[in-house]
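First to last, the sequence lines map onto chains Z and A. Residue 109 in this note's numbering sits at position 109 of the first sequence, with consecutive numbering throughout. Residue 82 in this note's numbering sits at position 82 of the second sequence, with consecutive numbering throughout.
It should be emphasised that the hints constitute simulated quantities derived from the structure, not laboratory data. Note that CB positions come from ideal geometry on N, CA and C, so glycine has one too. Heads up, a few of these hints could be off.
[Unchecked claim] For each label pair, taking beta carbons as the anchor points, the in silico distance ranges come out as:
| hint | chain 1 | residue 1 | chain 2 | residue 2 | range |
| --- | --- | --- | --- | --- | --- |
| 1 | A | M195 | Z | D196 | 50 to 56 Å |
| 2 | Z | K161 | A | S172 | 29 to 35 Å |
| 3 | A | I188 | Z | Y260 | 40 to 46 Å |
| 4 | A | L191 | Z | K161 | 57 to 63 Å |
| 5 | A | D258 | Z | Q238 | 44 to 50 Å |
| 6 | Z | Y260 | A | L262 | 45 to 51 Å |
| 7 | A | E149 | Z | K293 | 28 to 34 Å |
| 8 | A | E254 | Z | K103 | 38 to 44 Å |
| 9 | A | L191 | Z | A320 | 38 to 44 Å |
[What the hints assert, rightly or not] Calculated cross-link-like contacts (lysine to aspartate or glutamate; reagent style EDC-like; alpha-carbon spacing at most 20 Å):
| hint | chain 1 | residue 1 | chain 2 | residue 2 |
| --- | --- | --- | --- | --- |
| 10 | Z | K41 | A | E12 |
| 11 | Z | K41 | A | E107 |
| 12 | Z | K41 | A | E68 |
| 13 | Z | K262 | A | E107 |
| 14 | A | K257 | Z | E302 |
| 15 | Z | K397 | A | E254 |
| 16 | Z | K84 | A | E164 |
| 17 | Z | K41 | A | E164 |
| 18 | Z | K339 | A | E254 |
| 19 | A | K147 | Z | E269 |
| 20 | A | K147 | Z | D319 |
| 21 | Z | K339 | A | E239 |
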Amino acid sequence: MKPPIRIDPEICTQCGACIPVCPFAAMSERPGEPPAIDLEKCTLCGACAQTCPVEAITIEKKEKTVAASQDDQDVWVYAEWNGKEFQHVTFELLGKARELADKLNQRVGAILFAHPITDAMTRPLIEAGADYVLAADHPDLAAYQDERYAQVLRHLSAAHKPAVILYGATTIGRSLAARVAVPLRAGLTADCTGLDIEPETNLLLQTRPAFGGNIMACIKTPNARPQMATVRPKVMKQRPGDPTRQGKVLLQTLHDALLYSKARRIGFEPQNAFKVNLADADIIVSGGRGLQKAENFALIRELADVLGAAVGASRAAVDADWIPYAHQVGQTGKTVCPKIYIAVGISGQIQHLAGMQSSDIIVAINRDPDAPIFKHASFGIVGDLFQVVPLLTRELKKLLTK
Amino acid sequence: MHIVVCVKQVPETGNCKIDPVTHTLVREGVAAIVNPFDMYAIEEGLRLKARLGTGRVTVISMGPRQAESALREAIAMGADDAVLISDRAFAGSDTWATSYTLAKAIEKFGNVRLILCGKQATDGDTAQVGPGIAAHLNIPQITYVRKIETLETNRIVAQRALEEGNETVESSLPCLLTVIKEINEPRIPSLKGKMNAKKAVIPVWTAADLGCDPALIGLEGSPTRVVRIFAPPVRSGGEIYTGEPQETVPRLIEKLKDTLALIAR
Ligand SMILES: Cc1cc2nc3c(=O)[nH]c(=O)nc-3n(C[C@H](O)[C@H](O)[C@H](O)COP(=O)(O)OP(=O)(O)OC[C@H]3O[C@@H](n4cnc5c(N)ncnc54)[C@H](O)[C@@H]3O)c2cc1C
Ligand SMILES: Nc1ncnc2c1ncn2[C@@H]1O[C@H](COP(=O)(O)O)[C@@H](O)[C@H]1O
Chain Z
1 MKPPIRIDPE ICTQCGACIP VCPFAAMSER PGEPPAIDLE KCTLCGACAQ
51 TCPVEAITIE KKEKTVAASQ DDQDVWVYAE WNGKEFQHVT FELLGKAREL
101 ADKLNQRVGA ILFAHPITDA MTRPLIEAGA DYVLAADHPD LAAYQDERYA
151 QVLRHLSAAH KPAVILYGAT TIGRSLAARV AVPLRAGLTA DCTGLDIEPE
201 TNLLLQTRPA FGGNIMACIK TPNARPQMAT VRPKVMKQRP GDPTRQGKVL
251 LQTLHDALLY SKARRIGFEP QNAFKVNLAD ADIIVSGGRG LQKAENFALI
301 RELADVLGAA VGASRAAVDA DWIPYAHQVG QTGKTVCPKI YIAVGISGQI
351 QHLAGMQSSD IIVAINRDPD APIFKHASFG IVGDLFQVVP LLTRELKKLL
401 TK
Chain A
1 MHIVVCVKQV PETGNCKIDP VTHTLVREGV AAIVNPFDMY AIEEGLRLKA
51 RLGTGRVTVI SMGPRQAESA LREAIAMGAD DAVLISDRAF AGSDTWATSY
101 TLAKAIEKFG NVRLILCGKQ ATDGDTAQVG PGIAAHLNIP QITYVRKIET
151 LETNRIVAQR ALEEGNETVE SSLPCLLTVI KEINEPRIPS LKGKMNAKKA
201 VIPVWTAADL GCDPALIGLE GSPTRVVRIF APPVRSGGEI YTGEPQETVP
251 RLIEKLKDTL ALIAR
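In isolation and in its complexed conformation, chain Z is listed as follows:
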C-alpha cells in the first residue's frame, strides 16, 4: 500500500522546517535524504505540509470535493431541555446558528424532545433565532435517554437532511452527538470554541482546543453530512432574543420502534448542596489546598454567593474530601470557560490549568509569589487568602449591593 503521506525527494530541499512543527514527533532527520516519517505516529494532520516552503509534502486525502449539496439544507441546534429549563448553551448555539445560516442563506431549526411541549418552551427558541422547531412530544421522551433520543434524532436527520447539527458540549450533548454520528456516518468535532463557514466551499470550519488547551486544531468535514459539532458552553455570545420573530413549530409523529430502548432511567437525585453547574457559570470561585480544611470552603462559598458564582476546586481539595468531585476543575475534572475564574489557594499545576486556562479573566490569590498560577493570571494578589478573601467579599458586597 502506498503511504498516504509523501515527501517528493526531487522537490525537498532538506531544510528541516517540517521536523519541529510535527505535533506528534513523527518526523526525523536523515542525512542526505528527505526527513523520515514514522507512519505509526503520523496522524496526517498536515502541519508539515503547511510549513514546507517548497510544497514538497503531499497528503493523499482521497477527497471527492463535494460542493455543499442542495439536498443538505439548514443549520440545526439540539435544544437541551432538562425538564425545567433549557441549558444556557442552547441559546448561545441558536445565536451562532443564525449567523452561520445567514451566511449559507439557509434556515435554523431547533430540535426539541420533551413531554409535554408547550408554547412557553418553543417560543424562546424562535426568539433566539430558530425559523422552525422540530418538536417530538412523547411521554417516553420526557427525560433524556441516550438510545431513544439518538434514534429519534437520527431518524429526523435522515428524513430532513440538515447540513449542520450543533450540540452543547455538556454531558448529555456529548453522549448524544457521538451516538448519532455513527449511524449517520457524520463527522463530529468535540468541544468547539470557534465555528465559521468557509466561503468558497460553504463548509463548516470548526476550531477546538486539544491536549488540555495546548494546541488548537481547525477541523472540517468535507464529504459527509450532516457536519456535527459539540460546542463548549459560554464561548459563543448569546444574542438578545427578538420577541417579534416568527417561526413554525413542526410536531413530529414518531414510530414506536424509534422509542425502543434497552436502558432506562430509574432514579434521579438532584445536587443542590451548592451550585455545581460549572459549565454554565459566568463566574467561578475555586478553592485549593491553600484552604487547609473543609470548613474554610465557607470563605469560598461566601465570595461565590456575593458574586452569584459557582464553586470549583482543585483536585487536591477534592482528594482531601473537602468538597465533592462534581466541583473539580481540571484534566480529570471539568473543563470550564467562565468570564471570570478566581483561583484561591491553588498553585496552578498544568492539570488544573488544562481545565480553566481558556477563561476570559483569571484571578489568582496565593501567598507564594512564585506559584505557577500567576503566570496565567490576568490579575493576581500575592497575600494570605485568610485576609484577602474576607476583605474581597466585604468590598464586593458593598459594590454590588449599591
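Fit chain A with the ligands to the known structure of chain Z by using the hints.
Only chain A with the ligands this time, still in chain Z's reference frame:
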C-alpha cells in the same frame, strides 16, 4: 462474564510544553502514560470481576506498537489478557473510525457482556469513542458513571453524574460504560502482577484480522479532517499586586468592576 476495557496511551500532560518557536507540542522525551480516566476503567473491571467471583478482564488498545506498554501496565494491575490493535492502515483515524475499529475487535471476542471506557482521553478530549463503540455495536451505553450499584448476568444498574445531579440508569447487558474519577481509586500493581506483565504475550490484531472494511478505517474512514494546527492565542502578561490586602483588594476590584457590571446586566 467477559469484560473488555478500552485503554489509550497518551502523552503525560504534566510534561507537555509548547515550543516557543514552532508553537507545536514538544514530545521529545515526554513520557507516555495510560490515559488517566482509563486507569479507573481498568480498576473497575477488576473490582467487578472480584465482585462476581468469576470472569475475565481483557484490555485492548488501538495505537502504534509502543502502546503495548500501556497494556502491560493493565496486566500488572491484574487484567487477565490484552490485545493490541495496530496497523498502518489505521493511521489518521478520527473518533468514527476509531470506534468502528474497536467495535470490530470487541465483536471478534464473541460474547463480551460489558465494555468499560474512560470518560475521555486527555489528548483528544473528545469523549466520543465510548458512545461511538456502543453505537457501532448497537448496545446501550451509560456515560459518566460514578458508581455501579448492581451487576448481574443480564442486568446492570449504574449511577451517572449529570450537571444537575446523579441519575440512576438500569440497562440490559451487553452494555458500554464510560467512567469518571469518582468511581474508585486505582490500585498499585503488585510484584506478582509486574511479573505477569513482563511475561505476557500480547497478540496484535490488524485490519485484516478484524475483517475491517477498508473504506471505514484510517483516514479514509474518517469523516473529519484536521486542516490546520496552531498555538492558542497567548495570554498577555497579567498584573500582580503585592502588599497589604487593604491596598491590593481595591486595585483588583477596580479591574473587575466593568466585567462584573456587564455580567450583572
Ligand atoms: C493524572 C492527573 C490528573 C490530575 N487532574 C487534576 C485536575 O483535574 N484538577 C486539578 O486541580 N488537579 C489535577 N491534578 C493534580 C495537580 O497536579 C495538582 O496536584 C493539584 O492541582 C494541586 O492542587 P492545589 O493547587 O489546590 O494544591 P497545591 O499545589 O498544594 O497548592 C496550594 C497553593 O495554595 C497556596 N496557599 C497555601 N496557603 C495559602 C494561604 N493562606 N493564602 C494564600 N495562598 C495559600 C500555596 O502557595 C500553593 O500555591 C492531576 C494530577 C494527575 C497526576
Ligand atoms: N485508540 C484507542 N484505543 C483504545 N481505547 C480508546 C482509544 N481511543 C479512545 N479509547 C477509549 O475511549 C475513551 C474516550 O476517548 P476519547 O473519545 O478519545 O476522548 C478513552 O478513555 C478510552 O477508554
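Right, here's what the structure says about each hint:
1. For A:M195 and Z:D196, the Cβ-Cβ distance of about 55 Å falls inside the hinted range of 50 to 56 Å, so the restraint holds.
2. Taking 29 to 35 Å as the suggested C-beta distance range, the pair Z:K161 and A:S172 conforms, at roughly 33 Å.
3. Under the hint 40 to 46 Å, the C-beta atoms of A:I188 and Z:Y260, about 44 Å apart, fit the expected range.
4. Range check, A:L191 to Z:K161: about 59 Å between beta-carbon atoms, so the 57 to 63 Å window is met.
5. Evaluation of the 44 to 50 Å hint for A:D258 and Z:Q238 yields a failure: the beta carbon distance comes to about 19 Å.
6. The given range of 45 to 51 Å is respected by Z:Y260 and A:L262, whose C-beta atoms sit roughly 47 Å from each other.
7. Against the hinted window of 28 to 34 Å, the Cβ-Cβ separation of A:E149 and Z:K293 comes to about 31 Å, which satisfies the hint.
8. The hint said 38 to 44 Å for the Cβ distance between A:E254 and Z:K103, and at roughly 40 Å that hint holds.
9. Evaluation of the 38 to 44 Å hint for A:L191 and Z:A320 yields a failure: the beta carbon distance comes to about 30 Å.
10. Of the pairs offered as hints, the one joining Z:K41 and A:E12 holds, with about 16 Å between alpha carbons and a cut-off of 20 Å not exceeded.
11. Distance restraint check for Z:K41 and A:E107: the Cα-Cα separation of roughly 26 Å exceeds the 20 Å cut-off, and the hinted pair is therefore not satisfied.
12. Simply put, Z:K41 and A:E68 have alpha-carbon atoms about 14 Å apart, close enough for the 20 Å limit, and the pair holds.
13. About 19 Å separates the Cα atoms of Z:K262 and A:E107, which keeps this hinted pair within 20 Å; it holds.
14. Taken as a hint, the A:K257 and Z:E302 pair is honoured in the structure, with Cα atoms around 19 Å apart against an allowance of 20 Å.
15. Pair hint Z:K397 plus A:E254 holds up; C-alpha atoms about 14 Å apart against a cutoff of 20 Å.
16. With a C-alpha separation of about 11 Å, the suggested pair Z:K84 and A:E164 falls inside the 20 Å cut-off, and the hint holds.
17. A C-alpha spacing of about 40 Å is found between Z:K41 and A:E164, which places the hinted pair above 20 Å, so the restraint is violated.
18. Of the pairs offered as hints, the one joining Z:K339 and A:E254 holds, with about 16 Å between alpha carbons and a cut-off of 20 Å not exceeded.
19. For the given pair, A:K147 sits about 13 Å from Z:E269 by alpha-carbon distance, which is consistent with the 20 Å threshold.
20. Taking the CA atoms of A:K147 and Z:D319, the gap is near 17 Å; set against the 20 Å cutoff, the hint holds.
21. For the suggested pair Z:K339 and A:E239, the alpha carbons sit about 17 Å apart, so the restraint of at most 20 Å is met.
Hint compliance for this structure: hints 5, 9, 11, 17 are broken, all remaining hints hold.
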